[in-house]
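Line by line, the protein sequences are chains A, B and C.
Using the numbering used here, the first residue of the first sequence is number 1, and each one after it goes up by one.
Using the numbering used here, the first residue of the second sequence is number 1001, and each one after it goes up by one.
Using the numbering used here, the first residue of the third sequence is number 2001, and each one after it goes up by one.
Worth flagging that the hints you see were computed from the coordinates, not collected in a lab.
Treat each hint with caution, since some may be false.
Taking lysine to any residue pairs in the SDA-like style, the calculated list, with each CA pair at most 20 angstroms apart, reads [unchecked claim]:
(1) Lys2049(C) to His2139(C)
(2) Lys1078(B) to His2138(C)
(3) Lys2027(C) to Phe54(A)
(4) Lys1111(B) to Thr1002(B)
(5) Lys1078(B) to Gly51(A)
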Amino acid sequence: METFFIIAGIVLFTTMWAEIYRVMAGPTAIDRIVAVNVIGTKTTVLLVFIGTIFGRVDMFVDFALAYGLLNFVGSLAASRYFHRCLPYTTPIDAPEKRKKTSGGNRTEIS
Amino acid sequence: MTIAINILSILLIVTGLFLFLGASVGLVRLPDFYTRMHAAGMGDTLSALLVVLGFAVYQLHGFHDIRHDWPVLLVILKLLAICVFIMVTSPASTHALMDAGYEEGCEPLTKEGGNALKEDLARTRGEDTHDSEEDSLS
Amino acid sequence: MGMRILGFIAVFVTGALLTYGVADFPKWGDPHSPANAGEVSTYFIQNTKADTHVPNIVTAVLADYRGYDTMFETVVIFIAGVAIMAILRVLATIPPGHQPVQYDPRKKIAYDPIISVTCRLIVPVIQLFALYVVAHGHHSPGGGFQGGVILGASFILIAITSNLRSALRRFSEKRFIFIACAGALIYSGFGLTTLLFGRNFLDYGVLSKIMFDTDEVMARSHSMLGVEIGVMLTVTAIMFAIYANLSSRGALRGGL
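Start from the sequences, fold in the hints, and give me the full structure.
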């Protein structure tokens, strides 16, 4: 059974090279972010593999959970980078109008 | 019982690895951003779920009696927590990244070769496109 | 293009050398490896359980045997946060001819409904997990720094998914500066209390006199938890302070 885990882990690690290719060759920046996100998910799974192979799953599960969590925060932050911010000052003489920012779904709700 | 647990976990892990492979191939081979995003988002969630579930099944080997083996039960619960966590967060981050790509103006590949994104963006953003100067403060 | 290829070659060669170096590592858990065979390591491995009742040797070394070191690591993080605030924080940033936008405080500006609902589901779980990492540091990997980073990430997640304004309403500037100071003060307070009882700085065993129903060994274990909580408070507050200052260019208004 342990041999199976080792082989499966190696297969999982090998498939990561596809994402590495996309990180290097991706035409846009967001392509690279997506690929890094996929690598993060695979690392989460790979940590569980390593824990099982070492026989200390109780330890490595915590690592995996924390890694997945920070991966989620990181990908959200990277996606947020492409949205514009809310202004906090306006010119005084400008007529009052509804601020419509670039996102279609970013509106003021109560 | 042992063999049944082994077979079940091997089945789940192999299925998950196969889907991981599919996600990777899709990420490399598909032509434009949206299809690549589709492959990455869909394949990633289900396959990570299946592999972690396979490990949760494999942990049942050490579980015979709840009085002595409760740490094993804790590990199984944590693995299931990872499953739930991936199931909730991965689609959300896929959605956020897709939204960011749409904002950035990644063009979808269309059969006619026209720029479908431009019309779509103009329709979503509405008529008032005069906000470019004020909102540029970041 | 030539520089990129050169850079790739440099990175590849470095990686290959490092991978080659892995072959010389001692085996996993080898008791005769140089790191484990020294006098100090042998003492820790043999006596940690008897001295402190903490199963995780790393936590015992970090918070007890080398507590002085960890205290100043916390202070370093605190100073980093204070320095970033001192450099970036600006008070009046309204350019001439402009006025601040008055947002209705009862309304909130949603970044995206799907993501804010997901965030609302996930943030309590993250905070609970962070507290678990801190409190369970005696038995599993974890401790104040890790738990603080996760807790700070949960506040940053709020700021990312809704906006900085609603995150600052939960964790305002006054509050995070206070908490950062309180964390560093808790740590050094433990040390000063031991001084008052006539022992060395950060020699926790003597605290059994003021803790109920503990002997010297358990007092060391409990004090480690208290110290870890202090570290967690500082790291959480400084993480969020750095994010808030960087994302709004020190104005703490508007922002992402």
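Verification of the hints:
Distance hint between Lys2049(C) and His2139(C) is fulfilled; the C-alpha atoms sit about 12 angstroms from each other, no more than 20 angstroms. Of the supplied pair hints, the one linking Lys1078(B) and His2138(C) holds, its CA atoms being roughly 18 angstroms apart against a limit of 20 angstroms. Distance check on the hinted pair: Lys2027(C) and Phe54(A) sit about 12 angstroms apart at the alpha-carbon level, within 20 angstroms; holds. Distance restraint check for Lys1111(B) and Thr1002(B): the Cα-Cα separation of roughly 54 angstroms exceeds the 20 angstroms cut-off, and the hinted pair is therefore not satisfied.
A hinted pair counts as satisfied when its Cα atoms are at most 20 angstroms apart, and Lys1078(B) with Gly51(A) qualifies at roughly 13 angstroms.
Violated hint for the displayed structure: number 4, the only one.
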